[in-house]
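Number of protein chains: 2
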Amino acid sequence: MRGIVPQKVKGFRDITSSQNALRELIISKATEVYRRFGFSRFDTPVLEYAECLGKYLPDADSVAQGVYSFKNPEQEPVFDTEGREMRDKDNNVVMENHYVAMRYDLTAPLARVYAESLWQQHLRGEIQGKTNLFRRYQYGPVYRFEAKLDPGRFREFWQMDFDTVGAEDVSADAENCIILSQALENIGLKRGTYLIKINNRKIVNGLLAYSGITDKDEEMSVMRIIDKLDKIGIDAVAQELGGGRVDEVSGAQIPGLGLDAQHVDLIINYIKDFEQHDTRRNVIEKLKSKPAYENDTYKEGVIELELIDHILADLGYDEQVAILDPGMVRGLGYYTGPIYEVESLQTYKDAKGRERRVGSICGGGRYDGLVENLLHVKVPATGASIGVDRLAELLTLTGQVPEQIDGAVIVIVFDDDLMPLYQKTAMQLRAAGINTEIYYGAKRGLKHQMAYADRNNCPLAIIIGGDEAAKGVASVKNLKLGKQLADTITDKNEWKQRVQKEIPLDILADEIKKMLAEA
Amino acid sequence: MRGIVPQKVKGFRDITSSQNALRELIISKATEVYRRFGFSRFDTPVLEYAECLGKYLPDADSVAQGVYSFKNPEQEPVFDTEGREMRDKDNNVVMENHYVAMRYDLTAPLARVYAESLWQQHLRGEIQGKTNLFRRYQYGPVYRFEAKLDPGRFREFWQMDFDTVGAEDVSADAENCIILSQALENIGLKRGTYLIKINNRKIVNGLLAYSGITDKDEEMSVMRIIDKLDKIGIDAVAQELGGGRVDEVSGAQIPGLGLDAQHVDLIINYIKDFEQHDTRRNVIEKLKSKPAYENDTYKEGVIELELIDHILADLGYDEQVAILDPGMVRGLGYYTGPIYEVESLQTYKDAKGRERRVGSICGGGRYDGLVENLLHVKVPATGASIGVDRLAELLTLTGQVPEQIDGAVIVIVFDDDLMPLYQKTAMQLRAAGINTEIYYGAKRGLKHQMAYADRNNCPLAIIIGGDEAAKGVASVKNLKLGKQLADTITDKNEWKQRVQKEIPLDILADEIKKMLAEA
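Same order as they appear, the protein sequences are chains E and H.
Residues in the first sequence are numbered consecutively from 1, following the working numbering.
Residues in the second sequence are numbered consecutively from 1001, following the working numbering.
Hints should not be assumed to be uniformly reliable.
SDA-like mimics (lysine to any residue), calculated; alpha carbons at most 20 Å apart, straight line [unchecked claim]:
| id | chain 1 | residue 1 | chain 2 | residue 2 |
| --- | --- | --- | --- | --- |
| 1 | E | Lys-228 | E | Glu-218 |
| 2 | H | Lys-1071 | E | Leu-149 |
| 3 | E | Lys-10 | H | Lys-1071 |
| 4 | E | Lys-496 | E | Met-515 |
| 5 | E | Lys-8 | H | Glu-1074 |
| 6 | H | Lys-1443 | E | Asp-368 |
| 7 | H | Lys-1272 | H | Ile-1284 |
| 8 | H | Lys-1008 | E | His-122 |
| 9 | E | Lys-29 | H | Gln-1065 |
| 10 | E | Lys-471 | E | Glu-502 |
| 11 | H | Lys-1424 | E | His-310 |
| 12 | E | Lys-71 | H | Gln-1065 |
| 13 | H | Lys-1148 | H | Ile-1254 |
| 14 | E | Lys-148 | H | Met-1095 |
| 15 | H | Lys-1299 | H | Arg-1280 |
| 16 | E | Lys-447 | H | Glu-1126 |
| 17 | E | Lys-89 | H | Arg-1002 |
| 18 | H | Lys-1071 | E | Gln-7 |
| 19 | E | Lys-8 | H | Ser-1117 |
| 20 | E | Lys-443 | E | Gly-472 |
| 21 | H | Lys-1029 | H | Phe-1042 |
| 22 | E | Lys-71 | H | Lys-1299 |
| 23 | H | Lys-1424 | E | Asp-314 |
| 24 | H | Lys-1008 | E | Asp-105 |
| 25 | H | Lys-1010 | E | Trp-119 |
| 26 | H | Lys-1029 | E | Asp-105 |
| 27 | E | Lys-10 | H | Glu-1076 |
Pulled from the structure, derived: some chain H residues nowhere near chain E, Cβ distances all over 10 Å [what the hints assert, rightly or not]:
| id | residue |
| --- | --- |
| 28 | Tyr-1143 |
| 29 | Ile-1213 |
| 30 | Ser-1250 |
| 31 | Leu-1315 |
| 32 | Met-1515 |
Derived from the structure by calculation, the hints contain no laboratory data.
No residue lacks a Cβ here, since even glycine has one placed at the ideal position from N, Cα and C.
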C-alpha cells in the first residue's frame, strides 16, 4: 500500500517570517530606486505558453530542458506562420493541447507582453512598427529545473527585474549599471563591497567573426564554455573549446567543441589578456589595439563600452563601482550588446571555516532580438535583474540582516472563564495600535504559552488571573527586558521586580506603549 | 508550417501598474490588521506534490480535475503507508515521477507545512502529538483550471490568508470574523456595505445525520448542491437533491443525488426556514427549537454559534457586521466547524446598465481534519482568506480606487549632444528624492515623447535645448496643471504662460519639489 509523506517538492522551500522580512526589505529598497528612475510595476503570470517563452532557455535550446513544462488541459487552435488558425482538409480548425511552462525568468515573458501588444495593433490594422517605449519593474518567483541541484541552490527563487523596451541608446545601458549600484547601496551594501563588471557581446561576437566563427549556434557554444571560466579554469576552457577533456572529479568524458588550435589560441589569449583587472581607460585602449578592431561588430562594441565609460565617469561612478571585463560573457543566449554582472566581494566563513564568496548577485544586458524572435519586428531592449534570494543569502551570511522584528504582545490564557476579559483587553490594545494576540493554543499550560511567546519573539506577556481581574489590573511581564537582564541579574527576586509589574487595566494601553518604546 | 502567436495563456492576465497599486493597497492594509492580531508572514511554494495537496480539491475528488498538475521531471522514491521507501523484489528502492501540482489555495499547503514539521519530529524520535500553535498569513497567486471560464474570472488569482493551526477554541473563529471586518474596513470598505455570514458545518452534518445521511461523500454532495442555491434557486436545489433536472439554458440533463422525498423536504424546509435574515438571537432560538437539536453534532454546532454570537456582541460587532445564516454551507470539502463568508452588498452598473453585485469577497472556516488527512494526527485549525482580486474588482467597479499615481518627471531628449547634461540634471533631481526619467525611446520626435509622458502620467516635463543649455536654464512644463487648465483657459498664450516656465539649473530641484507639492 502506498502512503503519503508530507514534504516539499525537492528544490523548493518555505520562507519563514524573518526570511520574508529580509525579502521585503530588499524589494522595498530596490523599488524605491527603480521608481526613482521612472520604472513602474507591471506583472506577468507564472505560467506562459512554452513557445512564447521562445527557445532562449538558460543553457539549453530545448523547451523541455531546465524548464517545468506540461500540456495545458485545454485544447486550442494551432496557428500557421502568419498567425492564422490552421485548418484540416475538412476545413475544421486544427486543435491541440499546447505546452505551457512555468517562467524561468522575467525577461522572456516581458518580450511576450510587448510582442502581444504589437500583434494586437497589427490585428486592429494599425501601423506596424510602433515600437513605443515601455519601462517596467517586476519581482517574483522564477522556476528552473536543474537536474543536479547544488547545495544552497533552489528550483524556485525570486528575481527583481527592471527593463526598458524600445530604447536603442546605450545611455540606457549605462543607466542600468547606475540603477544596480544605487539599488544595492539603498539595500545596505557599502561601496567597494560589490563590483559591476561590464562587457559587450558585440566584442566577443566580432572577435569570433574575425577568426572565422560566424555560425550563431557555434558562437553561443563558445560563450557558454567561456562562461564556465570561474568554475573550471582556463586550461579546461581551452580543452572544451578544442578536443574535449575528462572531468577530474567524476571521471566523465566532456566532449569538446572541436575548434582548431589557432581559434582556441585566439580565444584563450584574448581571455588571458584581460584576466587582470585594469582601469576602464586602459582596457579600452587594449581592445582598440587588437587586430580584431578591423571587424565592424567588434569596433562597434568597443565604442559603446567607451560611451558607457564616459557616462559612468561623468556621473561619478569610478572603477570602485564598475570595471570593464572583456572576459565576462554571461551564459544566456539572448544578449546582443552591453552585458553586466555584479559580483559581491564580501566573504564569509562556511561550516568548515573556509573563506567563501557568494559570487554573482545581479546581471543584465541588452537583448535587441528577443521580441523579433516571437514576431518579426526588431525591438531594441535592455534591462537587469537583482537575484533577490542570492542577495538575501549574502546579507544573511555576512551578518547584515535587519534586527529581528518583535512579535505581538501576548495575552496569556490563564483561566478560560476570563476569555471575555482577555478579548476586551486585546481589542483595547489593538485599537491603540499595539499588535496583540491571545494565546489560542490547545495546550494551555503556562510553559507551553511561554515557549510560544519565546518562539515568536513576543516582547511582553499580559497575565490576568482571578486575583488580577478582581483588582482590575494586569500583571505585565517584559519578556524582552527579561532576556537582556537574564545574564546580568542573578537574584531571582530582583530580576522579577525589574521585569514584571502590575498595571491597572484602564491605563494598560498607554503603559504598554511606553514599555514597547523603551524596549 | 506552424507559427507562434504571442499571447497569454487563456485565463491568465498581466497586471498593469495601477492594478498593482490597488493590489499593494489591499495587501498592505490587510497586513496591518493581520499583524495587529499577531500573525506573521510565512510563504509556501507555488508547486507542491499533488498527493500532499490531498484530495480536498474545490468541487472535485480527483487531483486531475480543476488543478494544474503534471509529472515532476525527477524520479523519486515511492513510500509505503508507514512512510518508508518501498522496495522491489531485488531490494531496490522503487522510483517514479511523482505528480506535482500548482497550489489551488493557500490552505492545503499550510496543512503540508504543519504535517511535515510533525513528521520531521517523528523521524527525530521526538514525542508525537506536539501540536504547537502556529499562526501565519500569506498572500500570492493560486491556480484553478476551470474548464468553462466565466467572463471576468481567471485561472490565476491572488488570495490573502491568515490561519491559526493548533487552536480548538471557537473564540479563534469569532476572532477570524472580527479580523475580516477590520481588514475590509482598513482597506476602505464602509460598515454596512458588506455582511459576514456565519454558519457551522456541524449543524448541517447533524441535520443530515438526524435524517439518516451519514455517508461522508453523500454529505459532501448535499453541501455542494446547497452551495449552488444563490446561482440556481431553491427549486433546482430540490430537483438536484432528488431525481435531477434539465438545465433551462443548455438543455443538459443534470443527474440528481437520488434522495427520497422525505429527506429532500427536510433539507429544503431547513433552507426555507432561514431564508429571511433574522437577528442572531432569533436564529439561535429557531435552531434550538428544531427536532434535530436531539442530535449531538447539531447541538454542538448551535452552542458554538451561540458562543461566537456572544463574543461578537461583547466586542461591539452587531448584526450590521455579521449575521447567522444556517443555509450557507461553502463548497470546499475540508471544513469541519464554524464557516464564514463575506458578501459585498454594494452594487454597480454593468455595461448594459443593469444593477449587479460582486458577491462573495472573503471566506473561511474551521478545518480540523486537514492535517489528519496527510498524517494520522488530529490537529485543530481555523482560518480565512480575502479574495484579493475579487476585492480589487469590487473597489474598481464601485469607484473606490485610489487616485492614479504620478509617473516620474520626464527629461525630454531634445538634442542628443546634450545627453550628458540631461543625465546630470536627472541625477541631481533623483538625489533630491524626485522620481525622474530620461526619455530613451528610439523615436525621438517631441510628439512621441509627449505621448509617452501622457501615457505614463508624468507630472512635469523638463526641456533643455541649445539655447536653454547656453543660458544655464531648463524650460519646465507642468503637464498635470496643463491638463487641469486645458478646459478653463482657451487662450493659448495665457495657457502656455501658466503652464511653462524657465528655471535656472542650479535651483531646479528645489523649484520642481515646490511645483510637485502644489500639483
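Here is how each hint holds up against the structure:
For the proposed pair Lys-228 of chain E and Glu-218 of chain E, the alpha carbon gap of about 16 Å is at most 20 Å, so the pair holds. With a C-alpha separation of about 18 Å, the suggested pair Lys-1071 of chain H and Leu-149 of chain E falls inside the 20 Å cut-off, and the hint holds. Distance check on the hinted pair: Lys-10 of chain E and Lys-1071 of chain H sit about 13 Å apart at the alpha-carbon level, within 20 Å; holds. Between Lys-496 of chain E and Met-515 of chain E the alpha-carbon distance is near 16 Å, which keeps this suggested pair within the 20 Å criterion.
Proximity of Lys-8 of chain E to Glu-1074 of chain H is assessed by CA-CA distance (about 14 Å); at most 20 Å being required, the pair is judged to hold. Only pairs whose Cα atoms come within 20 Å are accepted, and Lys-1443 of chain H paired with Asp-368 of chain E is accepted, the gap being roughly 15 Å. The straight-line distance between the Cα atoms of Lys-1272 of chain H and Ile-1284 of chain H is roughly 16 Å, inside the 20 Å bound, and the hint therefore holds. For the proposed pair Lys-1008 of chain H and His-122 of chain E, the alpha carbon gap of about 17 Å is at most 20 Å, so the pair holds.
With a CA separation close to 41 Å, the supplied pair Lys-29 of chain E and Gln-1065 of chain H exceeds the 20 Å bound. For the proposed pair Lys-471 of chain E and Glu-502 of chain E, the alpha carbon gap of about 10 Å is at most 20 Å, so the pair holds. Distance check on the hinted pair: Lys-1424 of chain H and His-310 of chain E sit about 12 Å apart at the alpha-carbon level, within 20 Å; holds. For a cut-off of 20 Å, the pair hint linking Lys-71 of chain E to Gln-1065 of chain H stands: about 14 Å separates their Cα positions.
Distance restraint check for Lys-1148 of chain H and Ile-1254 of chain H: the Cα-Cα separation of roughly 16 Å lies within the 20 Å cut-off, and the hinted pair is therefore satisfied. Distance check on the hinted pair: Lys-148 of chain E and Met-1095 of chain H sit about 17 Å apart at the alpha-carbon level, within 20 Å; holds. Proposed proximity of Lys-1299 of chain H and Arg-1280 of chain H is supported: the alpha carbons are some 16 Å apart, at most 20 Å. Note on Lys-447 of chain E and Glu-1126 of chain H: the hinted pairing holds, with a Cα-Cα distance of about 18 Å set against a maximum of 20 Å.
Between Lys-89 of chain E and Arg-1002 of chain H the CA atoms are separated by roughly 16 Å; this keeps the pair inside 20 Å, and the hint holds. Pair hint Lys-1071 of chain H plus Gln-7 of chain E holds up; C-alpha atoms about 16 Å apart against a cutoff of 20 Å. A distance of roughly 11 Å separates the Cα atoms of Lys-8 of chain E and Ser-1117 of chain H; the hinted pair therefore holds under the 20 Å criterion. Our distance criterion of 20 Å between C-alpha atoms is broken by Lys-443 of chain E and Gly-472 of chain E, whose separation comes to about 26 Å.
Of the pairs offered as hints, the one joining Lys-1029 of chain H and Phe-1042 of chain H holds, with about 17 Å between alpha carbons and a cut-off of 20 Å not exceeded. Between Lys-71 of chain E and Lys-1299 of chain H, the direct Cα distance comes to roughly 49 Å. Violation of the 20 Å bound is thereby established for this hinted pair. As the CA atoms of Lys-1424 of chain H and Asp-314 of chain E are separated by approximately 8 Å, the hinted pair is consistent with the 20 Å bound. With a C-alpha separation of about 16 Å, the suggested pairing of Lys-1008 of chain H with Asp-105 of chain E holds against the 20 Å cut-off.
Distance hint between Lys-1010 of chain H and Trp-119 of chain E is fulfilled; the C-alpha atoms sit about 16 Å from each other, no more than 20 Å. Note on Lys-1029 of chain H and Asp-105 of chain E: the hinted pairing is violated, with a Cα-Cα distance of about 30 Å set against a maximum of 20 Å. Taking the CA atoms of Lys-10 of chain E and Glu-1076 of chain H, the gap is near 9 Å; set against the 20 Å cutoff, the hint holds. Residue-level check failed: Tyr-1143 of chain H sits 8 Å from the nearest beta carbon of chain E, not beyond 10 Å.
Every beta carbon of chain E lies more than 10 Å from that of Ile-1213 of chain H, the smallest distance being close to 29 Å; the non-interface claim holds. Its beta-carbon lying about 19 Å from the closest one in chain E, Ser-1250 of chain H satisfies the requirement of being farther than 10 Å from that chain. The claim that Leu-1315 of chain H is not at the interface with chain E is violated, since a C-beta of that chain comes within 10 Å of its own (minimum 6 Å). Annotated as non-interface, Met-1515 of chain H keeps its C-beta farther than 10 Å from every C-beta of chain E; the closest such distance is 17 Å.
Taken one by one, the earlier hints fail for this structure at numbers 9, 20, 22, 26, 28, 31, listed in ascending order.
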